[in-house]
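Asks: The chain contents come next:
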Amino acid sequence: MSRLISSVFFLRRDPRLLKLPPYLSLLCIIAGIAWLFLLPLNDYSRRTYISENALLPGQVHTYFGGSDQNVFRAYKHEVHALIGKNNSEINDHLENHFKSIGLKVGRQNFTYASSGQTYTGENIYAILQAPRGDATEAIVLVAAWENDKGELNRHGVPLALTLARYFKRWSLWSKDIIIVIPPDSKTGIQAWVDAYHDAHDASRVSSLPVKSGALQGAIAIDYTQEHRFRSIHVVYDGINGQLPNLDLINSIVSISGGQMGIPCAIQEMRKHTDKYEDRLRTMLRGMLNQGLGYASGPHSSFIPYHVDAVTLQPFGEGWQDEMAMGRVVEGSFRSLNNLLEHLHQSFFFYLLMNKDRFVSIGTYLPSAMVLAANFTIMAIFFWVKSGSPAPQDGPDSKSSPTTTPAERHLFLPLVLVAMCQFLGAIPLFVFNHLTATMLSPAFVVVAALNCALPFLISHILASYKPSVQPFQLIKCFSLLLLGMFLSALATLNFSLSFLVGLLAAPLTFMQPCSNPVMGHTLFGVLQLISPTTVLYSASAYFHIDIGSVLKEAAFGWNIWGMYTPMVLWCVWWPAWLLSSVLVLGRPVQ
Amino acid sequence: MRHLLAFICLLPLVSWVTAADYYEQLNLRPLPLSALLASFNFRSNTSFYDFESHNFRYFPRSLGQILQHAGTRELHLRFSLGRWDAESWGTRPWEGQREGGTGVELWAWLESESDEEADEKWLILTNALSGLFCASLNFVDGTRTTRPVMSFQPEGDHPTSSIPNLRLLHGVLPKEVVCTENLTPFLKLLPCKGKVGVSTLLDGHKLFDSAYQSMAIDVKPICPEDGDCVLEIEQTIDMVLDIERSQRPQEIPRPPPSRDLKCDTSKPYHAPNTCFPLGYNASQEWSLSQVFGHPMKGTCPLTDPEIPPVCIQVPHSRSVYTSAGVHQMKNADGRSRCFTFDSEGDFDIILPAPDADDTGEIIANTTTTMTTTDDELIKSPTPLIYAERSLMGHGQERGGVQTILTNPSQDTEVEFIYMESLPWFMRVYLHTLNARLEGSRGKAQPAMIEDIYYRPAVDRARGTQLELRMRIPPASTVFLTYDFEKTILRYTEYPPDANRGFDVAAAVITTVRPRVQSVRTTTLLLNLPVPDFSMPYNVIIFTSTAIALAFGGMYNILVRRLVAADEAPSRLARAKLGKLIEKFRSRKSTRK
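Protein sequence lines, in the order shown, are assigned to chains U and A.
Each residue of the first sequence is one higher than the one before, counting from 263 in this note's numbering.
Each residue of the second sequence is one higher than the one before, counting from 1121 in this note's numbering.
No lab work stands behind these hints: they were computed from the structure.
No experiment lies behind these values; they were computed from the predicted model shown.
Hints should not be assumed to be uniformly reliable.
25 Å max Cα-Cα, derived BS3-like pairs, lysine-lysine [what the hints assert, rightly or not]:
id : chain 1 : residue 1 : chain 2 : residue 2
1  : U       : Lys338    : U       : Lys411
2  : U       : Lys361    : A       : Lys1387
3  : A       : Lys1387   : U       : Lys338
4  : U       : Lys366    : A       : Lys1499
With the Cβ distance kept under 10 Å, some of the chain U side facing chain A (calculated, not the full set) [to be verified]:
id : residue
5  : Lys338
6  : Pro471
7  : Ala680
The following residues of chain U were derived to be distant from chain A, with all beta-carbon distances above 12 Å [to be verified]:
id : residue
8  : Glu384
9  : Glu408
10 : Glu530
11 : Val569
12 : His695
13 : Ser702
14 : Phe717
15 : Ser725
16 : Leu790
Where is the CB? At the ideal position from N, CA and C, for every residue including glycine.
Extracted from the complex, chain A is given alone in its bound form (with noise of 0.2 Å):
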């Protein structure tokens, strides 16, 4: 009866608590080159009180209760898969913050007394990671982890007393392939389940169809200014959908009938049978439903009515249809607008191509160029930093790794921090790590390199880690290089699979300066000397049976006597071993 009371008390503040706790949004934005980029953010807080007695609301209490268990106090994880193109697309969603290298990586700042107390916690989490989200996160071992000196800093509010025993573990599976297996446990960790709302689009095919996609979840605590101290649990999923691909009816990319084929016609040989195609980078018209593979269902009931689900970023001249019972606002700054509808029933919008607004059908792009016209597209700042890396060298024995950096300002110095893991069989050789600097305006340069972290590899118990502070001035070039020498392996250090090689886990470039962005680069496929395991197999065999045919063969001459039958030793012999016999047993009756 006291419990019923003090939920009917209390019932006006879970709705208010409701309201602020849980957030969630889908941000579209076009991109050049027929892509779009789709974000979804879902954002839920939980007051530490709460969450240290166990007391889940909307915070995941899988996730949460090994967080506790693992004594972690801020976490990041992230699945990722394809590159994103910077050169076309800009900046990355939320600044390259949530973004991970391809494959699986963790980083997790743990409260321990000692490196060794980490250790073990960091196992813990790794392992608990790895049953939740059905990755290899357990594989995340010694040799895979690091403990980033510079590269990253941590984004919540911790107590200042807490910080001195914190300690950033930080592990990398570039070769973890992520799929549906990944997302599933990703949406159940959602209040909504991916049953209503922004996340009914999260749909497996279509997610990892995509040409880039980042899937992360962030706990952090934050304390804001006015209030009590809340763990925050942010999921973000950051995808960039191929229009015409995605819009496809079928998987298989047939060629469309002529009469569908968008033809330049303005060629002089433009006939019936010759088509000279248009740009891949003419917009299209394309709708949510389409992109998705089904319309939105409802919103969420958990978050606040006032927060609009879903903003698409195009510039107000361009219109934008939606379904029933949709209300559309455009937000002040002219680049963005954002959606709000009823709680039931199906969301969709439609964006027609820009030139079809007036005519009602596509004008002929008669230029080729890669030109979007600004009220086509909002552009997409420039990143701060171009990163590109790639091996050099070929054969079995050594090789090189080269990265190049741009910095593609006119006036801005870029200062930032590259970040390498390198696995073990890498035997980098830090005395040829040189950058070259290329295109700048002739200035004596300072020096580009202004700090090295270098912490050497131990044979099958740790990898290199290696950290730059670097500088780079305005419109200019690095060419970083170092050699590396490979190890050949122990054969049962080879894993078992189809041998295509070893996947070395991207590079991790932060900037520090004019302001903190992340970069990362694609993860590399070194090829190791791999000696051919059928041959040990066949020495086995061949070994064994010249064994068993020699040994069988010389066992018969040493034993076996061929005699013909009459000359067998027959009675005689026999006498004789009785006489042989008899002798003994009389010596020994004699003894006695």
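Just chain U, same shape as in the assembly (with noise of 0.2 Å):
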């Protein structure tokens, strides 16, 4: 033992160890990408399974059909005599209907600005009292009149109304049911949760007239397609990445797979071949509207709260019908209905490959933990390094290693740190506050600056003449707020904490160079990863204009609580800020 002892002591003085960690850096960055890559493999995912025995998904007969096809058509003349109405009208004929059924009907005002501009609504929604029921739990069925691409749900709509008339008919509900169909996909939904749960900005919007008891699940209705579909689109991404319970979704694929034959898809993969390839671009699409966290349907506003939801879009060509569509709800309804306690039983924290396999968040989390492991890796190796002294010129040097670390002067590193972490919150500000005209003149801006604040930067701290020990402060304490920061995201949101963690990378490797040449290559290399340029390709790749999605990401973090922004900006922004500074840093010797 006390040889072992010895040795680790040896060990510990061998300069061969301080050469170790960026090697050790790189291994992890590598690793971390890797293990990604691995996880479509089927020794690292697994086949999806229902955990909740109460739910019993496809264990119904459903009825939905037949006559109700008439009323069907019936409602869907009616909505469609709607259209261009406005908002107040629409909700008049729609509350006639829901009255006409026997429900509770109420109404809710919002209004929300963001980007200069200020979205107004009124929502609409029905309340189905179970026949038995003592108003203690309540499942949502939304139909928001337009989808979030603007087009108006022209079945989904009178669908929801059909429903609510046969489901009417049923006594076996234990849970009451609402209907709910709000102007547009993003804010009027949000405003409804939200005052559901009390939690709204009362000036903003109005608070519910009627309420029932806790929401235990909650079904989109996203049908805007003519003809008849093939398959179902679902689609389950939340606000901030957020996931509904994984039985909810295996629920509804069940369902409408195996009981009424209706294929179901994932993200946006209609073609799946559940090959590796498939596999690969599915998570990796998953993993991209999760780590932007952005709604991705009505449901997403009720995720953070705790309820389950997803929405489900028909698409294609193909034999099935609306009836088909709301056979499939009413079988999901049934199982929701099953539900003694609220979904627990499965996986909050998921990456689906297809809508059949998934790695829980043992098996994926250690892809981004690892990733962000490398940046503390280097942290700590600069504060060792900023604590041996200077490397004297001559052949003592390295037969007696000095025992007593050299004094670190911590005051110049830490408020420049500190400083750059703090300016990250202007961009924030200025981009959740400016008009919508004015965001891409100030991207403009941003971007420029962000070329010139590492000189400008580079130069004050020039003045202080610096020696080797505050840029390893720097990038010491710059990484270890950016290792920290990401492995505390990981657990949040793993995709955006990947993300980031991937693209601030290159960070790890930045120091002061002597040579100003390869100092000023290091910094156009950085200029190519900054957030700025990141943003800038995005966009331009998705054929998006900046200022759009400028006005989303405010949008987001105005209405939805959305944090992406502020990940960019206080987190990833000013760690590639310092990189700048120190590539550009000239150590006096």
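Dock the two chains into a complex; use the hints.
Replies: What follows is the structure in structure tokens.
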């Protein structure tokens, strides 16, 4: 034992040990990325399964159909007659329809403001009180008047009305059923869910006149296409990458695919061969959606309140009609109705590879964690390095390694790192509060500042005539913060943490160069991976105007509480800025 | 012989007593939205002398003995399910006095010298009733029992001498699911036992399929002006049936054939395959036998034949068809009519749809609005107060309760008492209690909360009791809110069932002025932070495995020595051992 300890002590003094961290760090990056690419393999992912036995998906006969189709056609005529009318007129008509079915109807006004635009509207919702129920629990059916692309939900709204009328005939409901028809898919439903949980700002969103019990689940119908469909697209991403319980998705896949014979698709993968490439593509699309944290449908607003929700979008050319869609919803509602307790059995953190294949958090999390660990390793490395005295020229330097560390001057590095960290709040504030027309010019200004700011800061820094140590400490603190933020974020939003970690990975290896040409080259490289460049090139790749990207980001921040912009400006950008300052730095020997 | 003589002498007296001492009636009232309220009322009296001498005639012996044993002077027991839709249906039956919160509710006045004695008697009472009614009333323990101060007043006529010794205890079981096993003992208490008369209509399938049902038992002493005091037991069942649902021949609501759909033919797009359905509130024809599954069988022979067993509240302008041998009497108030019929044979009535009288077929109701004309239904009066209660907030730590109380009247101020009995794990912050008034007409309002009675909870011993005396000006709404903190329970305190959450009993609102009326809110579902119960299990398994492996391994390493066979200590060692033993022995012997 003593021999082991002494050999560890000996190893500690070995100068070769100090050469190891950069390689270890690189290994972490490579391992993190490689890990992700292993996940779609059969050995690392699992088939989905129903965890909550009470759900019993697909175990009941569904009876929606027959003469209900006649009713559906009539409601479709009614809804089409309302096209082009204003929100309140539409709601007047819908209110009459709901009341004639015998439901309790409520209406709610809301006004939101973001990027200088106001979003106003009026939600209408109807509560089907469970015939023998006691108003303690409820499930929600959402049919937004328009989907998130602005298309009219031309079959979804009549289907919701027909289903409401059909559900009223059953006496088996143990939970109230709430049918919500918001005017759009982005703001209205958010206002409704906020108000349902009394988390709304009363000056902008009015309270709900009637309420029911605790929400146990929600299904949104987004059925815009006129013709018959082939399969159902299940959209499940919530705000900030939060996901509904996997059991809900599994039940719907099982009911739709297993019982009704309607294939399901996820993440816009309309054809899925279940091969490695398709699984990887599905997973990466899922990660991108999760990382952006943007609401993907009306269901997204429910998920932050721990209400599991999905949106169902029929697509493709096939022979399935509206009644089939209705039966899927009926079957899902019967399953949710069976629930004795809130959905909690299955996973809340998962990546789906296919509709029936997933990896759980235990398998995928190491990938982002290892990526984040690379920053921490380098931070520790630079801390140790900053403590060791500057190498002396001479033969004795190697033979007698000093044990007393050099004194670290922390003030300057700490102030600089703290300042840059808080500097991130400025673009965050500016982009979230400017009007929509000002966003593009503001972006140009910020991009230009991005080039100028490192020069400015390094110029100021040079006036202090810093030696190597301050630069090492700056880097140490910057990477320490980055590693800390990213590993914490990985547990909340894996994909965002991974994406930021990946884009920030080169920052690990940036350090002051004695050669000015080399320094400027590195600065050029850094400019290529700067947050602004990445933002711009991504929006160019997806053919979206940068102004509208920023507008949507501000919208997400102001209305949904989407924190992606904050991660971008307060985690990634400061780390990038400090690295740029480093590469331009000239340590005084 | 003397007994027989006495019996013969008393016979006419007995028959007179019979006529007056048992009463049963069914009141039917069609409600808007194709609902039907059926109120069953059964009443029987017994004189105190008979009661004390265990001479039970119509008063059920099983219940009577419990009451005597537990010293109960007045008892109110409620089994309720579903919701009363006050906005559409108006005032509750019996002014809400025969209604309970969802689940089981019990309150009683017990005669006792001290609170401790009352608690003992309450324990006896709840346990005995639990057995009698197959309900979990034995779970009404100290944490669920309250002693309301303002909300409940005795209904019976108690002698003034006993009033200081009467103690009111009140308990609720909001989670109790009322079902057939509670109905059967209820029917057994009736003199006619559900075999004949009005009670034959009470069938578990129909009763528990109703949108709202409340079974009530009230026992109280009554002292008429002229005569002796009697003990009265009143059994009431109120149920609201969905006519469309209860008339369905089969349980599964398959879509009807297209030809049976009632369509609005006035729509321009109306076609054989397109049908805009007529309003749900369009009145439809119904008959007693369809709604209840079978006709009523005879009348109970123990009742006064003069009292009509069935009454229906519809305007006189509407015609009601009856089965043969039924005599119809229209009451003078123009709102109701009653039926008398033979004590044998079936009774059935048919209420045709209002428009069907003249033409014989249903005229399409072109408007889908909610209006129901006055000649169709008797409009029930608006309740004095509307109450709705819901939970606020989200998350596992804190929450709030909001009660919206609306006074719909345009000119009358309502004074009422709001009572909540909350479980101890809901820690109420009374300082957050806030009453906000909306819709008042700009006048300076007097303080809405006039009096507060608050008895804070004691962990694991008793719940919170909150009684507020409040006042709402006409045409205004009060938002009553308070916050609470959720407690983390010990893990054995979670019920062993599926974790649905904890039910919070309904709030009881009793109006004091202008008249006494009672309203109950719905129950609430409180989600407490729940640990992952499989986790301790896993921990136990893991630690056991780890200890087993580590202990086994360590023990092995410490004790076992691995040596080659030829290295094993063989005879040499044994010889050494033998020497040692010999040495020991010799030493022993030398000592001797």
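Asks: Confirm or reject each hint.
Replies: Taking the hints in turn, this is what the structure says about them:
At most 25 Å may separate the alpha-carbon atoms for a hinted pair to count; lysine 338(U) and lysine 411(U) meet this at roughly 21 Å. A distance of roughly 18 Å separates the Cα atoms of lysine 361(U) and lysine 1387(A); the hinted pair therefore holds under the 25 Å criterion. Proximity of lysine 1387(A) to lysine 338(U) is assessed by CA-CA distance (about 13 Å); at most 25 Å being required, the pair is judged to hold. Proximity of lysine 366(U) to lysine 1499(A) is assessed by CA-CA distance (about 19 Å); at most 25 Å being required, the pair is judged to hold.
Here the hint on lysine 338(U) is kept, as its CB sits about 9 Å from the closest CB of chain A, short of 10 Å. Contact between proline 471(U) and chain A, as hinted, is supported at the beta carbon level, the nearest pair being about 9 Å apart and thus within 10 Å. Given hint, alanine 680(U) at the interface with chain A, is violated; its Cβ is 32 Å from that chain's nearest Cβ, farther than 10 Å. Glutamate 384(U), annotated as away from the interface, keeps every beta carbon of chain A farther than 12 Å; the closest lies near 20 Å.
Residue-level check passed: glutamate 408(U) sits 23 Å from the nearest beta carbon of chain A, beyond 12 Å. Even its closest Cβ contact with chain A, about 31 Å, leaves glutamate 530(U) beyond 12 Å, as expected for a residue assigned away from the interface. Non-interface call for valine 569(U) relative to chain A: violated, since the shortest CB-CB distance, roughly 9 Å, does not exceed 12 Å. Every beta carbon of chain A lies more than 12 Å from that of histidine 695(U), the smallest distance being close to 28 Å; the non-interface claim holds.
A cut-off of 12 Å between C-beta atoms confirms that serine 702(U) is not in contact with chain A; the least separation is 38 Å. Non-interface status of phenylalanine 717(U) relative to chain A is upheld: no Cβ of that chain comes within 12 Å, the nearest being about 47 Å off. Consistency note on serine 725(U): stated as away from chain A, and its beta-carbon is indeed over 12 Å from all of that chain's, at 51 Å minimum. With a least beta-carbon separation of about 43 Å from chain A, leucine 790(U) lies farther than 12 Å from that chain, consistent with its non-interface assignment.
The structure fails to meet hints 7, 11 from the earlier list, while all remaining hints are met.
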